[in-house]
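Enquirer: Letter by letter, the chains look like this.
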Amino acid sequence: MYTFALKMLFGDSARFYGMLLGLAFSTLLISQQASIFVGLMSRTFGFITDTPSPDLWIVDPAQRFLDDNKPLRSTAVQRVQGIEGIEWAVPLYKGLLVVNLPDGKRQMSQIIGIDDASLIAAPPFMLEGAVTDLRKPDAIIVDERATRREFMMQHPPEGGPPRPLRVGDTLELNDQRAEVVGICKATQTFQSQPVIYTTYTRASQFAPRERRMVTMILAKLEPGADVHTVTEAITQSTGLSAYSSEQFVAKTLGYWMRETGIPINFGTAIVLGFFVGIAVAGQMFYNFVLDNLKYFGAMKAMGASRGVLLRMVSLQALTIAVLGFGLGIGITSTFGLTIPGERLAFRMTWQIPLIAAFAVTLICTASAALGMWRVLRLDPADVFQG
Amino acid sequence: MFRPSAKMFALIRVRSLLIPMVALIGIGMAVFTVNSQVPRVPIASTEVAPPHSPFEERIAGVGTVLPSSDIVSVGTALAGVVEVVAVSEGQTVALGELLFRLDGRQTRAQLAGATARLGVASARFDALKALPHTTSVRESDAAVAAAAAQLVDATGRLARLDELGANTSTSRNERPRLEFEVVAAQAALDTAHAHRDEVLQGAWPEDLAVAAAEVAVARADVVLAQTQLERESVASPIAGTVLSIDIDAGEHIVPGSGQQFVALGALDPLHVRVQIDEMDAWRFRAESKAVALARGGSRSEFALRFLRVTPLILPKRVLSGDSAERVDVRVMEVEYELENPHTMTLMPGQLVDVFIEAPRAVDR
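Chains as they are written, first to last, in numbering that gives the first Met the number 0: chain A, 0 to 385; chain B, 0 to 363.
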């Protein structure tokens, strides 16, 4: 019986391919848009996830998201160090500076100044050189992506064809000499500026004159200390806000979700994918069931129970759902794996295929339910009369 | 009844085998994609844990290691070209030891001139003191003798005329003339005596005083040049260690230029000057335990002994090493002494994290 149900499904080639493509397209639209959305959004807090050592991120209470810099007084670091439950606290500088390339190009870049002594918040992955090379004079570490793009040298000082920036090259940061000692791989920023790492002291020399140089304070909890208690203590004694990494990610994400049109934009595309699925595949599946009513009628006449008929339709719905989903998610994955990550923010988390699968299943179940309603109400006599 | 043909069966097989396979591959790829995009946790192996307080409740501050003498920046009051730098960095120097000397050629020339002028003045004074010369005495003695002889001659001739008789016509004209000659000879003798007295007297005291004053002026000039020469040699005002030298032989230096020519300091013991945020100042207790921790992962901990609090809350300078340091917040400065003075792992000028035991910051 069930083999027969499948034969019915695979036999009707026009409808089969129609449904398959409709569901695949729907899956593609939902999963691909969701992946790009997640990818784009994860760039807004990439620095937080790149930096695993601190437990707490201490910022000005008015700071709304990661890049919304509101620098702190320099003694704030010591005041946080003085709070019970804090294992250590280090300053961090984060700001945008103009970088001059040897070939005369100017480029706004993100400078991250990490604590000189501890090198906390160092780049997550080093491709060339070592983080400790930052102890050399004028040393900076440049993100690999930028060396090939913004920092591509059209006219290298030694002559020859254009080449990427490499270790040993010198740049000018705010008109001061800086030497590339390492190439790292960091999460791309939302605005895609090149990321340059250096030490806090050097960053404050590169940076223009400002009264306050500490962008934020990174702190670690003592083993066994309660996050909530310490956070409260920090707020109470210094007037600053302290967030755990998760909270800071959520705060940053919340800002971009609330204050920008990005979620609405992508949400619309995802909903559209769902409706395309319903309009094309759902409607086609319903038609398919209607067209095959005569067979269901015959089987009913031959004594097939309601349960058997229901399971047959369900099997058909589930099969086409799985095939359509598989095809769609395969296309999305191919897309995600082939397009280089720096062109397009693409990040498929495990929830995305599940959501797409759920959507496809929903489309099929809904249209199958409608079809089954007809099957169940079917009077075998009608079939034979026709 | 549904009866598919043989050809149809083949088609169905393609659909029923190929499509599910493609779908399976698709799902597999999705699993791979999801797995490959799970954010990898970076290995932060190069990070060095920053110093961590040994006290539960504490004040944290940034301390600067200083010599107990503070940093003595030795200056000079004279501008000039450096002739010799007599010490090297790290060398221990005694009180009064030569550090560097400015080019003293001109001063030495001035000293030679002044010395010569002193010689002139002294000689002149000595010459005055050497008066009267014996020849002058003899000359005036001779003049006295000659005048005395003249007087004897005139007196003799008058006496002889009187013996001839008073009424000769000769004597009438002769006698007044001879009387006059006696008077003139007497006067000449007096003059000779006076001249002799003057010669015997020697230099006048007033002249001697002028000459002595000239000697004093010349001597003062010599002392001036010598002092100048001494000032061109800069000596150590303390016993300590040369911390840094920023001058070289041949360099022209100008006092008040802000350049630190030679920095000295007494390194035994070392002090630590801690800056504490004014907001935390109320929590500070002089008797509290305090430790300094070196940065950079050495995990060295140094016990501190309280010395004094600077009784003035100061604007904090951002210790960026920039000459134009910026005012950020106000801080209280507390000075400590390192309990173990023989720790050569700390150097003057080094920044350390200092933790001072303190009452709770919150709930009070």
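Bear in mind the hints are in silico, worked out from the structure with no lab data behind them.
Incorrect hints may appear among the rest.
As the list claims (entries may be wrong) - Some, not all, of what chain A presents toward chain B, calculated at C-beta under 7 Å:
#1 R72
#2 R78
#3 E83
#4 W87
#5 A278
#6 R346
We put the beta carbon where it would ideally sit given N, CA and C, even for glycine.
Enquirer: For every hint, state whether the structure bears it out.
Expert: Hint by hint, here is what the structure shows:
1. Because the closest C-beta pair between R72 (chain A) and chain B is about 5 Å apart, less than 7 Å, the hint holds.
2. Because the smallest distance between the Cβ of R78 (chain A) and any Cβ of chain B comes to about 6 Å, under 7 Å, the interface hint for this residue holds.
3. Interface hint status for E83 (chain A): upheld, as the beta-carbon distance to the closest one in chain B is roughly 6 Å, under 7 Å.
4. A hinted interface residue such as W87 (chain A) counts as satisfied when its beta carbon comes closer than 7 Å to some beta carbon of chain B; here the least separation is about 4 Å, so the hint holds.
5. Because the beta carbon of A278 (chain A) sits about 22 Å from the nearest beta carbon in chain B, more than 7 Å, this interface hint is broken.
6. Because the closest C-beta pair between R346 (chain A) and chain B is about 5 Å apart, less than 7 Å, the hint holds.
The structure does not agree with numbered hint 5 stated previously, though it agrees with all others.
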